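In order, the protein sequences belong to chains R and W.
Residues 1 to 176 in the working numbering are what the first sequence spells out, letter by letter.
Residues 1 to 64 in the working numbering are what the second sequence spells out, letter by letter.
If you are wondering where the hints come from, they were derived from the structure by calculation, not from laboratory data.
Each hint should be verified, as a subset may be incorrect.
As the list claims (entries may be wrong) - Heads up, simulated BS3-like pairs for lysine-lysine below, C-alpha to C-alpha not over 27 Å straight-line:
| hint | chain 1 | residue 1 | chain 2 | residue 2 |
| --- | --- | --- | --- | --- |
| 1 | R | Lys14 | R | Lys57 |
| 2 | R | Lys102 | W | Lys26 |
| 3 | R | Lys14 | W | Lys30 |
| 4 | R | Lys14 | R | Lys102 |
| 5 | W | Lys26 | R | Lys48 |
| 6 | R | Lys48 | R | Lys14 |
| 7 | R | Lys102 | R | Lys57 |
| 8 | R | Lys14 | W | Lys26 |
Predicted model, so just to flag it, every value in this text is computed and none were measured.
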Amino acid sequence: MAAPALEPMAEEFKEHGISFVFVYTREAHPCDERPAHASIDQKIANAKDMVDRWEIKRPMLVDDLDGTTHRAFGTLPNMTYILSASGTVLYRASWTDERTIKMALDQILFERGLRRERTRVSPYYVEWLPGRTNERQVFMQGLANNAGPRAVEEFIGAIAHTAGDASRRASSAVVG
Amino acid sequence: MTSYNYETFPLDMTENDFTAFPEVLKAGTKAPDSVLIDAATGSEARLSDYWAQGPVMIEFGSIT
Numbered sequence: 001m002a003a004p005a006l007e008p009m010a011e012e013f014k015e016h017g018i019s020f021v022f023v024y025t026r027e028a029h030p031c032d033e034r035p036a037h038a039s040i041d042q043k044i045a046n047a048k049d050m051v052d053r054w055e056i057k058r059p060m061l062v063d064d065l066d067g068t069t070h071r072a073f074g075t076l077p078n079m080t081y082i083l084s085a086s087g088t089v090l091y092r093a094s095w096t097d098e099r100t101i102k103m104a105l106d107q108i109l110f111e112r113g114l115r116r117e118r119t120r121v122s123p124y125y126v127e128w129l130p131g132r133t134n135e136r137q138v139f140m141q142g143l144a145n146n147a148g149p150r151a152v153e154e155f156i157g158a159i160a161h162t163a164g165d166a167s168r169r170a171s172s173a174v175v176g
Numbered sequence: 001m002t003s004y005n006y007e008t009f010p011l012d013m014t015e016n017d018f019t020a021f022p023e024v025l026k027a028g029t030k031a032p033d034s035v036l037i038d039a040a041t042g043s044e045a046r047l048s049d050y051w052a053q054g055p056v057m058i059e060f061g062s063i064t
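Assemble the whole structure, with the sequences as input and the hints as a guide.
In structure tokens:
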């Protein structure tokens, strides 16, 4: 999956010297048409197909076959990071959400303005649990289009399994 | 532990490497300078090539 809203946002922030890139990972939902990667050429070909399908203009950077970069950043299927010009993590999110990305980038520009005015700026640490829309039918339809019925079935199975585990944990916690 | 390139979507999303994220690369830490392949050119690209020019927003994902 990719967030198409990030394409115009990438254009908007380019003029402020902020670049957007995409890192291609393992297939989140392997399917008959696009199975798990067995070669780097296969992974690059899928990345190119993704560029074409979603008209991605950001640089498409393909991770190695073992997922060295993806694993170093936490291995989630659609996570986001913003790094500073020295490579320090400024923002990270377990899911790509254009609303909070926009807020974080606006904050970077705001701080840049303060520094230009010679205002002293000190970093502080935030953790945050914002909510995003999660229209499961829309997600499933996207999964059906991009990966096919097997991927949809496996995803539904995982949701049911995880929900079952959670309710079992909750009930055992009550009993225990 | 499943292999990185799993064949089927993990049944239990609360296990395996889906739980690694909170423990790595918190805000304020320095990101690794990974080597990737630019799909457009086939040549190597480093994340530092981008952050050397200013802040960089990285989205991770796949076509499926």
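State the violated hints by number, sorted upward, taking the hints as numbered earlier in the document.
-> 5
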